[in-house]
Amino acid sequence: DGGITQSPKYLFRKEGQNVTLSCEQNLNHDAMYWYRQDPGQGLRLIYYSQIVNDFQKGDIAEGYSVSREKKESFPLTVTSAQKNPTAFYLCASSIRDRLYEQYFGPGTRLTVT
Amino acid sequence: SQQGEEDPQALSIQEGENATMNCSYKTSINNLQWYRQNSGRGLVHLILIRSNEREKHSGRLRVTLDTSKKSSSLLITASRAADTASYFCATDASAGGFKTIFGAGTRLFVKA
Numbered sequence: 001d002g003g004i005t006q007s008p009k010y011l012f013r014k015e016g017q018n019v020t021l022s023c024e025q026n027l028n029h030d031a032m033y034w035y036r037q038d039p040g041q042g043l044r045l046i047y048y049s050q051i052v053n054d055f056q057k058g059d060i061a062e063g064y065s066v067s068r069e070k071k072e073s074f075p076l077t078v079t080s081a082q083k084n085p086t087a088f089y090l091c092a093s094s095i096r097d098r099l100y101e102q103y104f105g106p107g108t109r110l111t112v113t
Numbered sequence: 001s002q003q004g005e006e007d008p009q010a011l012s013i014q015e016g017e018n019a020t021m022n023c024s025y026k027t028s029i030n031n032l033q034w035y036r037q038n039s040g041r042g043l044v045h046l047i048l049i050r051s052n053e054r055e056k057h058s059g060r061l062r063v064t065l066d067t068s069k070k071s072s073s074l075l076i077t078a079s080r081a082a083d084t085a086s087y088f089c090a091t092d093a094s095a096g097g098f099k100t101i102f103g104a105g106t107r108l109f110v111k112a
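Chains as they are written, first to last, in my numbering: chain A, 1 to 113; chain B, 1 to 112.
Note that these hints are calculated values from the structure, not bench results. Take these hints with a grain of salt, some might be off.
[Said to hold, decoys possible] With a straight-line cut-off of 16 Å between C-alpha atoms, the simulated EDC-like cross-links for lysine to aspartate or glutamate are:
{"id": "1", "chain 1": "B", "residue 1": "Lys70", "chain 2": "B", "residue 2": "Glu17"}
{"id": "2", "chain 1": "A", "residue 1": "Lys83", "chain 2": "A", "residue 2": "Glu101"}
{"id": "3", "chain 1": "B", "residue 1": "Lys99", "chain 2": "A", "residue 2": "Glu69"}
{"id": "4", "chain 1": "B", "residue 1": "Lys26", "chain 2": "A", "residue 2": "Asp54"}
{"id": "5", "chain 1": "B", "residue 1": "Lys70", "chain 2": "B", "residue 2": "Glu5"}
{"id": "6", "chain 1": "A", "residue 1": "Lys70", "chain 2": "A", "residue 2": "Asp54"}
{"id": "7", "chain 1": "B", "residue 1": "Lys99", "chain 2": "A", "residue 2": "Glu24"}
{"id": "8", "chain 1": "A", "residue 1": "Lys9", "chain 2": "A", "residue 2": "Asp30"}
{"id": "9", "chain 1": "B", "residue 1": "Lys111", "chain 2": "B", "residue 2": "Glu17"}
[Said to hold, decoys possible] Cβ-to-Cβ under 7 Å is the rule here; a few derived chain B residues that face chain A:
{"id": "10", "residue": "Gly42"}
{"id": "11", "residue": "Leu46"}
{"id": "12", "residue": "Ala78"}
{"id": "13", "residue": "Asp92"}
[Stated by the list, open to error] Chain A side only, calculated, beta carbon under 7 Å to chain B, not exhaustive:
{"id": "14", "residue": "Gly16"}
{"id": "15", "residue": "Asp38"}
{"id": "16", "residue": "Gln41"}
{"id": "17", "residue": "Leu43"}
{"id": "18", "residue": "Leu90"}
{"id": "19", "residue": "Leu99"}
{"id": "20", "residue": "Pro106"}
Even glycine gets a Cβ: it sits at the ideal position worked out from N, Cα and C.
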C-alpha cells in the first residue's frame, strides 16, 4: 500500500527547542517537498529535493533545515531560529518528470508555546 | 500578493447543485493545477491543465484555462456532501526552475 506518511500528527514543543518532523514515502518518487500552511492560507514552499543528497530552498527556508540521505525520507527540522513555527506542515512527493503533480502526506500540526 | 488567488473565498451550496471556483494569477505559467484539501488533511491532486490547453475534464470536474485573462475555473457538477473541502489552485513559473505557488483556497460547503 503506497503512500506518504508523516509523523506525528500533532506535535507540541516549548519555544527555543528544535524539533524534527518525519516524512517517509514508498512511492519510489525522486522529488520531495515541505510546505507550511497557516490558517486560511495557501501552502508556502519551505524546501524541496529532486534527488538524494541534494535539496533547494523554497520561499520561506529561514529557520528550517532538511536532509535527504535516502530516497524515501525527507525530514524537516524546525529550529529555534524560526520566529513563528506554529503551523500545519505538509510533505509531498512527485516523480521527477511530473514535479507539479504532487502526492501529499496527512500533515503534522506543530504547536510551539 | 500571491500568484494564484481563488474566488470566492467561501461557497455554500445544496447537494446536486454545481459549484464554480475561479483562480487568477499574475505571471506566465506552464501549467496550473487544482487540489482538494479536506479539513486538517493533506492535499489531493485533482487535475493539471497545461498552458496550451483550454479545457479539461475528469469525472464531475471541468477545468478551464484562459491564459489571456490569466484565469482558470474549476466546475464541480452535481455536487455531493463529500465534496465539502477547500480547493486550491497552484501555478508554476514558466521560467527560472521549479517554483509552485498556491492560492489561499476556496472553502466549499455542500449541504445535504
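Indices of hints not satisfied (ascending)
Of the numbered hints given earlier, those the structure breaks are 1, 2, 3, 4, 7, 8, 11, 12, 14 and 15, listed in rising order.
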